[in-house]
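These protein sequence lines are chains A and B, in that order.
So that you can map any letter, position 275 of the first sequence is 275 in this note's numbering, and since no number is skipped, the others follow by simple counting.
So that you can map any letter, position 73 of the second sequence is 73 in this note's numbering, and since no number is skipped, the others follow by simple counting.
It is worth saying that the hints were derived from the structure and are not from the lab.
Treat the hints with care, since some could be wrong.
Here are the simulated lysine-lysine pairs, DSSO-like style, with alpha carbons at most 27 Å apart [unchecked claim]: (1) K55/B / K126/B; (2) K414/A / K65/B; (3) K853/B / K225/A; (4) K387/A / K168/B.
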Amino acid sequence: MSKKSWHLSRREVLRGGGITLALPFLNSMSLAAGITGAGRPKRMVVSYIAYGVYDPSTKDGKAHEWSWYPRHDSGPLTFKNSTAPFQSLEKYITYFRGLDHAGGYGLGGHSSGDVFATGADMSGPEKTNNISIDQLAAKTNGHKTRYGSLVMGTEGGTGSYGMSKTLSHYGPGRPIPSLHRPQDIFNRFFNPYGNRSVKDVRSDLKREASVLDLMMENYKSLHGKLDAEDRQKMDEYLESVRSLEQRVERTSEWTHKPLPKVDAKVLNLDVSYTEPTEYIGCMYDLLFLALQTDSTRFATFMTESEHSTGNMVGNFANQVLGYTGATHDIAHKRPDDFSGQWEVWRAERHSKFLKRLRDTPEGDGNMLDNTVVLWGSAHPHGSHGTKDYPIQIAGGNKLGLKHGFLHNYEGDRKKPLANLFLTMLNAVDVPVDRFADSTGELTDILA
Amino acid sequence: MRYGASVALGGVFGYLPFQAASAAEDAGGSPFGIPAGVEGHKSYVKVFFDTYCIKCHGPDKSKGKLTLHTLGGDLSSGQGLERWEDILDVLEFGEMPPEDEKQPKGVEVQAIVQWIDSGLRDYVEKANKEAQVPSARRLTNFEYQNTMRDLLGFELDLKTALPEDPKKPYHFNNTSEFMLLGPEQVDRYLENARRAMASAIVDAGKPEVHRQKWTFEPRGPAFAGEQPDEVGVYPGGRRTISAGVTLNKWPETGEYRIKIKAAAILPPGYDEVPLRIVMGSALKSDAGTGDYAPVGTVYLKNDVDNLQEFEFRGRIENHPVQVGQVTKRGVGPTTMQIYPQNLFDNGQLNDHRANHFDRSWNFDVPRAVVRSIEFEGPVTDTWPPEHHTRILFDSPLRESDPKAYVRAVLERFMTRAFRRPVNPDELARFERLYQMLEPGFGTLEATIRETLSMVLISPQFLYHTNAGNGVTTSGYELASRLSYFLWGTMPDEELLTLAAKGKLQDPIMVAAQTRRLLADARSRDFVDNFTTQWLSIEKMKAVNINRNLFPRFLFTVPNGERAGQEVLFRPTIRDYMHDETVGFVAELIKRNASVSNFVHSDFAYLNEPLAAHYGVEGVKGLRLRPVAIKPEDRLGGLMTQGSVLVANGTGSAPHPIYRAVWLREAILGDEVKPPPAEVPALSDSAGDSADTAVTIKDLLAQHRQQESCNDCHVRLDPWGIPFEEYNAIGQFQTKIPRPGASVPKYNAKAEKTFEAYQERLKKINTVQVEARARVPNGPEVDGMADLKKYLLKDRVEDVAENIIRRLLSYGIGRLLTYRDRFVVGELLKKAKDEDFALQDIIVSICISDTFLKSPQTTEKQ
């Protein structure tokens, strides 16, 4: 009955005052501006859309004008109705057909979203996921920023097996709950000290560290008395307290650097699910700010989750387009009119974010040059498929990537999506030779 | 015996053990002589599979992802037992081989069943002696919220700050396997703990008390003929009390008191009006913004000449505030709004809507009068408040021996928080923690707050666990298990005392406690939490209702920005549907009625709006209650309840597949696998919207055309067909729209009356509903009544087994496996002897070995 408490009314506040607030977010430069070469901030973002994409077949084998894809076969990009929002980003994007995770084949139905950013093998009896690329990157390079990573979603939390609400995982069986309330994200990233002074924060942190030591001792004495099976189950508690300790340490170090100043007033932080355009926009704004202020370099955003028919997120298409069914139904029925419009809406949300990165100067280029952005779904056109994901990759032009093409790997040219992951990871200075079921780098996009 | 065993000899190996079989069968089903273990598998079981099954479940095909040729015959190895249990289930029920395939003789099936059953049984007996199933788990958010309430002695909304618990349809979120804990979660626990402690422990000295009073006099009509003190169903204008009052000052924490002087204006035929008070931010119906928490509800019967005073209490922390407006002069003050609401609902609130909507209807139905509202907070009748002295109790030690006092405070709190005696090590550690914190925090109050916050993020509090070291007995574990099962919260004084005295070893005592807990009001939390998840009805609230087809279902806004959308900020028909289902289950438990009532009952659980919705006459008022029903009401049982039907519809039409899945999962206890990957989506599914709908027949035909669909759907779809008699909003229907018919837009002005609406329906719904289907492995049924008859006749035992499994799984907090098969079998047998009485089933579960000895982080001594 009562609505979620984050649905406040700051927008009302702004409207009610009759004052137009058009402040820039910050100055229009990235905080990491001027840094090139080895010090260049190398970022990675993974963003997810649910229920596959619209890709009706045409007689001539070319892409349909309302297709999510710019074209059918490999070749330079052309833009039509659904891809129009990306037109000005031509030199920054690449599309793929035929990439997917073999580990997700067995998940069925709408569940392969679980492994989108992990590529974990979920076909066997072991039903635990594995580390996601953003977290692997954060493990290697996360210490360079105040926060290792930012994990966002529209439904929040972790979800559960087969119906994940997050893209990020620390490791097997350890999904990271996604943040879905704009105000929470803002507070955590841009106002972590609240009203306290840095000095107070520092002495608090020192005390907190000793307290956590004691908590750890408390846990260990309990743990020693448990059966082996339960000990294993309780390890997640230990890990959690440990990572709190690590965060205390890290936060203490970062108190020596000034916090970025971000004005909350220009963000519509209290926007609700009933306004999906504003809501997704606000989330992308926060993501952009987190990157611009160099608060973190690795992020995931599950803009829609599978299995959302039970909540308001599943009604986005209804809210935005007036479609009579749940968003999920569009994927099943593929109505001619709404399917295309829905793709346009989604493309607009994501392209706006990309353009924002591109339009923000940084060092010898812009922010998008230093940011690799993956966007896609774990289903093809048919919403129950688990093969041939629709994938778009953007940015990273100064990290060794080249764009402007669609690469079709369907059929016997099939490649693991993990190959692209490998290339992405290497681009952001996470040197690995294998990830999930990768067989090598995806050289087609290397400059 | 559920399969029709044929006594005739024959079949693939009729010459061997089956010669003795028919005789043995008559004698009561002793083993038929298939040798145990690998030998029996090789000579008989495998032969059976090769003859009847391997065509579809072998090297060539693996329908349902099951292959039998690779399945080892040695059950004692512990390999493939889940698969063996699946095979056992389909054979026992005669679900396989499919009806159009070569059929084995009943005795053959029985022999195979016996062989698998005894193999499983042997393994389980052996295995249970060795390893235990892990079931350590953290508190669910629901349990956490309730536990904090009982621990602190007042209710703070803490749940909303936590990440949501994992959800899986028809499963419970207390299932150990699903529950995970990450650093973010611990973080939120800590924030919550600090918030709770800031509220629980007050600082020395009496606080400032904020008071504000508003009065409204019947000075003359203020808006559309309404007096300033009147609260109509449709909220009045700015000058009446229903527009709310503004609270300017309130304490940061603490209990508040709101007193109102109120009365009712009742037209003839009405005897009460429900008045609810809510408090929060500004509720703007037009913009759809605002947030509130209820203060309380009263049912007014007294007339205006006999004004009565009503008092509500609550916690100020739970109410959202209205952030100040930004003006040219800066930011305005933060406020809260208090609104009285008239919750009267006769299920026909839309009758009087139109483009220019007729407010005069407010005068035809009950109105509330609120003469005054008085706010006071914090309540300082006793100071410090009881929740403070519960922790920081009065004691001379506080002055004479502060260290001993702190120790006593910690011991008392930790014992309650850990739900068992605290051991000396634990106590010493938290004493050290206190000492460590003291220099930074200064006062005793502040230091204790922080120390206890740490207690509240320790695993002993967050997990279902019990410390060893000889202090504890299994009695404490059981006390907790009982109370978390039946109350969703920590054990009370009585349970803990029984545990301390070792009296919970006695099953008679456990049974008595089970009944006591069930009789207590707190068991309502259990029934709600359990039922909502078991029946997977929560999604009902998010289904988009087609307002052209069902313009009267939701109470909609007549005009303005949100015209046509549901009226916000008040309980809706869907809330009542939820309450109907939960209340119905609670009533069955209370009556100790048979589980067959889930299929059909002679009563429904209704209030006035629900009764109006279903077309039952003579039910007045908002409070739900059992109502006797007649066959023509087409109600009774769970299958005809709005919560289920709306959740498993599309908002425009019934969805036979959703409903079939629901019936098989929630009622019959089958696990219905999701459609496999790579199955091409059908071009359309039934009942998306009336104008594009395909008929059920067409849908089934489409499924049949594709073998990959047909394999599963042939056993699924027929279950959903009888449900076609109920539309997307849960009402009985005999006619439906013609396929391809387009539905005219609803004309609120011309079609607002009930009669005009009926005419409209007649024009739209022109085709006789088709609800005849042949139930898989069952007879042909025509419609819901027929389906119920069949279920009552042949399937009550399955319904009972299902509810036993669900309750047991919920009670012990883990998934059931093949290992639990035999315990469930015994419980089922006992339930059958007791006419499947629901309360007795719960008692049996609580005194079963599985429940009594369920390892919940049992610690070594």
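(request) Quickly compare the C-alpha distance for K55/B and K126/B to 27 Å and report which way the hint goes. (result) At roughly 34 Å apart (the allowed maximum being 27 Å), K126/B and K55/B break the hint.
(request) Decide if the proposed pair is consistent with the structure: K387/A and K168/B, CA atoms, cutoff 27 Å inclusive. (result) holds, 24 Å
(request) Decide if the proposed pair is consistent with the structure: K414/A and K65/B, CA atoms, cutoff 27 Å inclusive. (result) holds, 25 Å
(request) For the pair supplied as a hint, K853/B and K225/A, confirm whether the alpha-carbon distance does not exceed 27 Å. (result) holds, 18 Å
Hint violations for this structure: number 1 only, all remaining hints satisfied.
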